[in-house]
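Starting from the given sequences, assemble the full structure and let the hints guide the process.
Number of protein chains: 2
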Amino acid sequence: MEVIATGCIVAPKGFQAGTTYCGIKTIRDSLDLGIIFSEFPATGAALFTTNQIYAAPVKLSRKVAQKGHIRAFVINSGNANACTGEQGYKDAEEMVRIAGKCLKISEDEILVASTGIIGRPLPMGKIAAGIKAAATSLGNTPTHGNDMARAIMTTDTKQKDIAVRLKINNKDVIVGGITKGAGMIAPNMATMLCFLTTDISMPAPLLHECLRNAVESSFNRITIDGHMSTNDTIAIIANGASGVNIISKGSELQVFQDGLNYVTSYLAKAIVKDGEGATKFIQIDVVGARSRSDATKIARSIADSPLVKTAINGEDPNWGRIVSAAGYAGVELNESTTNLYINDILIFAKGIPTSCDLDKLSTSMKNTDINVRLELGLGDCADTIWTCDLSHEYVTINAEYHTYASVHSSSSHQ
Amino acid sequence: MEVIATGCIVAPKGFQAGTTYCGIKTIRDSLDLGIIFSEFPATGAALFTTNQIYAAPVKLSRKVAQKGHIRAFVINSGNANACTGEQGYKDAEEMVRIAGKCLKISEDEILVASTGIIGRPLPMGKIAAGIKAAATSLGNTPTHGNDMARAIMTTDTKQKDIAVRLKINNKDVIVGGITKGAGMIAPNMATMLCFLTTDISMPAPLLHECLRNAVESSFNRITIDGHMSTNDTIAIIANGASGVNIISKGSELQVFQDGLNYVTSYLAKAIVKDGEGATKFIQIDVVGARSRSDATKIARSIADSPLVKTAINGEDPNWGRIVSAAGYAGVELNESTTNLYINDILIFAKGIPTSCDLDKLSTSMKNTDINVRLELGLGDCADTIWTCDLSHEYVTINAEYHTYASVHSSSSHQ
Chain D
181 MEVIATGCIV
191 APKGFQAGTT
201 YCGIKTIRDS
211 LDLGIIFSEF
221 PATGAALFTT
231 NQIYAAPVKL
241 SRKVAQKGHI
251 RAFVINSGNA
261 NACTGEQGYK
271 DAEEMVRIAG
281 KCLKISEDEI
291 LVASTGIIGR
301 PLPMGKIAAG
311 IKAAATSLGN
321 TPTHGNDMAR
331 AIMTTDTKQK
341 DIAVRLKINN
351 KDVIVGGITK
361 GAGMIAPNMA
371 TMLCFLTTDI
381 SMPAPLLHEC
391 LRNAVESSFN
401 RITIDGHMST
411 NDTIAIIANG
421 ASGVNIISKG
431 SELQVFQDGL
441 NYVTSYLAKA
451 IVKDGEGATK
461 FIQIDVVGAR
471 SRSDATKIAR
481 SIADSPLVKT
491 AINGEDPNWG
501 RIVSAAGYAG
511 VELNESTTNL
521 YINDILIFAK
531 GIPTSCDLDK
541 LSTSMKNTDI
551 NVRLELGLGD
561 CADTIWTCDL
571 SHEYVTINAE
581 YHTYASVHSS
591 SSHQ
Chain W
181 MEVIATGCIV
191 APKGFQAGTT
201 YCGIKTIRDS
211 LDLGIIFSEF
221 PATGAALFTT
231 NQIYAAPVKL
241 SRKVAQKGHI
251 RAFVINSGNA
261 NACTGEQGYK
271 DAEEMVRIAG
281 KCLKISEDEI
291 LVASTGIIGR
301 PLPMGKIAAG
311 IKAAATSLGN
321 TPTHGNDMAR
331 AIMTTDTKQK
341 DIAVRLKINN
351 KDVIVGGITK
361 GAGMIAPNMA
371 TMLCFLTTDI
381 SMPAPLLHEC
391 LRNAVESSFN
401 RITIDGHMST
411 NDTIAIIANG
421 ASGVNIISKG
431 SELQVFQDGL
441 NYVTSYLAKA
451 IVKDGEGATK
461 FIQIDVVGAR
471 SRSDATKIAR
481 SIADSPLVKT
491 AINGEDPNWG
501 RIVSAAGYAG
511 VELNESTTNL
521 YINDILIFAK
531 GIPTSCDLDK
541 LSTSMKNTDI
551 NVRLELGLGD
561 CADTIWTCDL
571 SHEYVTINAE
581 YHTYASVHSS
591 SSHQ
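Here the protein sequences line up with chains D and W, keeping their order.
In terms of this note's numbering, the first sequence is residues 181 to 594.
In terms of this note's numbering, the second sequence is residues 181 to 594.
Please note that a few of the clues may not be correct.
Remember, identical chains collapse to one label, so a pair may be satisfied in a single copy or spanning two.
[What the hints assert, rightly or not] Simulated crosslink set (DSBU-like; lysine-lysine; CA at most 35 angstroms straight-line): (1) 429 to 351; (2) 477 to 449; (3) 243 to 477; (4) 546 to 281.
Derived by calculation from the structure, the hints in this document are not laboratory data.
Remember, predicted model here, so these are calculated numbers, not experimental data.
Now the structure itself:
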């Protein structure tokens with residue numbers, strides 16, 4: 181597997197992207213609408229938020245994804261089309277209808293996604309014009325790909341994209357991806373979105389299984405603030421333009437799965453690194469658990485503790501907070517078999533603090549990447565969760581935002 | 181029921197308290213050890229943290245509480261005696277042994293509790309001298325009671341105590357209580373503690389049931405940061421000095437239960453109001469749920485969302501964050517039957533935002549007390565959770581604390 185230097189969402193063969201600024205975002209000339217298009221008929225798969233309150237585009241895209249054929253993604257940023265009732269659903273349908281006409285494909289092959297402010301009707305005049313403009317600007321240069329990565333951003337500070345080249349049956353297969361998200365919900369500018377393209381060919385059910393596996397080991401392993409969005413969407417199109425066709429499990433599929441996992445892991449970690457106010461990337465490894473589910477619960481309990489997150493923000497190796505967060509995860513523990521390493525330094529062994537090198541430990545806390553490894557000594561199961569710290573900047577971003585700023589004109593934070 | 185103006189932990193008949201500064205805390209002359217003592221044999225009951233990592237005093241006090249006879253509490257602040265291994269347990273036993281000798285009662289009737297830093301051995305020389313000094317200073321004036329409330333404080337900014345007078349069988353019964361806690365774990369200075377005294381007489385199993393009921397509607401309804409401590413302890417002594425004896429359920433017991441509930445609710449709310457960095461007291465009411473457990477899950481999901489907490493800190497009526505936090509609580513919802521009120525103003529009705537008076541709503545967000553009321557429209561069950569906002573001050577308190585400050589002398593935050 182090779183990571184492509186200028187890799188982007190249109191790196192796989194037979195894909196184009198087009199973007200525009202149509203006026204949904206208040207910052208002029210920041211791209212806010214984009215289309216990703218396969219030149220060939222393709223299979224597709226998608227996974228969505230499990231939030232019981234989900235947006236109109238999620239509702240519509242669930243139906244599209246079930247049919248297994250996707251040729252295009254149409255995505256807007258700046259407005260999530262969530263909590264918008266029946267009108268919101270009609271607007272999502274209208275977006276797909278307009279895109280279908282422009283792209284000359286069936287609306288049943290188009291997946292729609294929205295991200296941004298909740299509870300405001302979509303400005304459909306602007307969006308209709310935007311879809312037409314984006315469709316007109318389709319192309320497959322790195323610039324097209326980069327613009328596409330930027331068009332889905334909201335409070336993200338960095339563009340997040342990647343492409344990898346795989347060798348399957350002596351042919352090149354490329355997987356490309358983009359993602360966005362800075363809080364599970366950033367300042368009302370909601371959502372984690374991820375779009376993937378590949379020029380392999382694969383039946384939709386198999387593609388769905390690969391996507392589920394990849395998400396399980398990447399996006400399902402991250403948390404910024406434990407707050408799940410109403411709009412989360414991850415989707416893939418496989419158009420077969422590489423000439424490689426896989427119809428069943430085996431070593432070829434594994435090469436593709438590994439490549440896809442690499443792409444989704446890279447993108448998931450990129451979200452954590454760009455988390456709201458994040459100054460540290462934290463990997464939490466829990467090993468020696470009785471079950472994977474136990475390990476997951478404990479790793480998430482540590483990752484979501486504001487006391488652990490603020491301690492790491494303050495570069496403090498506060499093992500007491502980590503151990504006690506493990507203790508309330510709802511999993512039976514044995515203090516006397518528990519070991520804790522912070523940045524590979526054993527600080528807590530068999531239930532009591534060690535006399536480790538505190539200078540070395542304190543210095544290591546200044547690193548941007550922090551590793552927490554908890555050994556339970558109870559079994560052979562493990563899990564890993566990636567998260568970030570909780571900083572003053574997080575509070576600033578999320579406390580200074582004003583929902584009704586545009587009504588009261590009392591704030592510029594939108 | 182009457183709230184006693186200068187009410188404190190020694191307001192019920194036959195109770196004394198004694199305190200001292202023995203040098204566990206680094207701030208000189210801040211009280212750090214206390215004893216609450218019943219002059220008469222008494223029944224007792226206690227509830228403890230459900231954290232799998234629990235402190236030595238919790239382990240020992242669980243055994244004491246099971247026997248149902250408690251005549252004294254001995255409590256130190258400044259050191260939690262948690263994650264201290266076998267030596268920690270021996271130290272807890274030694275505390276009880278010394279207290280038993282000083283008070284001339286069986287060590288089986290003494291409940292011990294500790295709060296403060298995790299993972300450091302107790303300074304037993306200081307503590308032995310402290311227990312003797314506290315036992316010597318026992319008395320039942322309001323000053324004794326107030327000093328006792330202060331002796332258990334760590335990062336608390338306010339002393340938290342109360343006493344109420346009840347009429348049962350034409351006799352006065354008094355219930356007194358003190359509590360401490362500012363984070364579920366404050367800057368490594370752990371723990372929520374609550375001690376209650378009453379001069380009613382009651383068999384231990386009945387007293388335990390009353391305590392469990394009271395805790396269920398008070399301390400189990402609060403969250404500061406969702407981080408459960410290793411040392412949480414709530415305990416009550418009933419010494420019968422009022423001459424009122426209750427041996428079974430009925431209207432007399434209900435008067436006592438109501439009084440006890442009032443005391444524990446008052447103390448639980450006092451903890452939230454004194455929460456680390458708290459500027460707002462938030463009551464979250466979830467009604468119309470299919471089950472109480474559903475209502476609880478949703479109320480907790482909202483209360484623990486850092487996005488909701490920062491929005492309220494910023495005085496922003498951000499209903500999107502509240503509704504989406506309800507959506508990921510793991511409970512089936514119906515957007516089209518959901519209503520949300522913030523400070524009694526209907527902002528979200530049947531799945532879409534209302535055109536409510538935004539000026540009135542924004543102004544109401546400046547109140548110290550904020551009410552969030554979510555109507556699910558699915559059933560008849562409800563629950564209420566009390567919490568506070570997430571502020572810059574919370575991050576400052578918890579990020580600036582340094583675990584090894586005393587080793588490196590690099591910080592004064594202990």
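**OP:** Give the relationship of residue 243 and residue 477 under a CA distance limit of 35 angstroms: within one copy only, between copies only, both, or neither.
**Re:** Intra 32 angstroms, inter 29 angstroms, cutoff 35 angstroms: intra and inter.
**OP:** Indicate which option fits the pair residue 429, residue 351 if close means a Cα-Cα distance not exceeding 35 angstroms: within, between, both or neither.
**Re:** within (18 angstroms within a copy, 80 angstroms between copies)
Subject >> Intra- versus inter-subunit Cα pairing at 35 angstroms for residue 546 with residue 281 >> reply: Classified as neither; 54 angstroms inside a copy, 50 angstroms across copies.
**OP:** Classify it for me, residue 477 with residue 449: is the Cα-Cα distance of at most 35 angstroms met within a copy, between copies, both or neither?
**Re:** both (20 angstroms within a copy, 29 angstroms between copies)
The structure fails hint 4 only (numbered hints given earlier).
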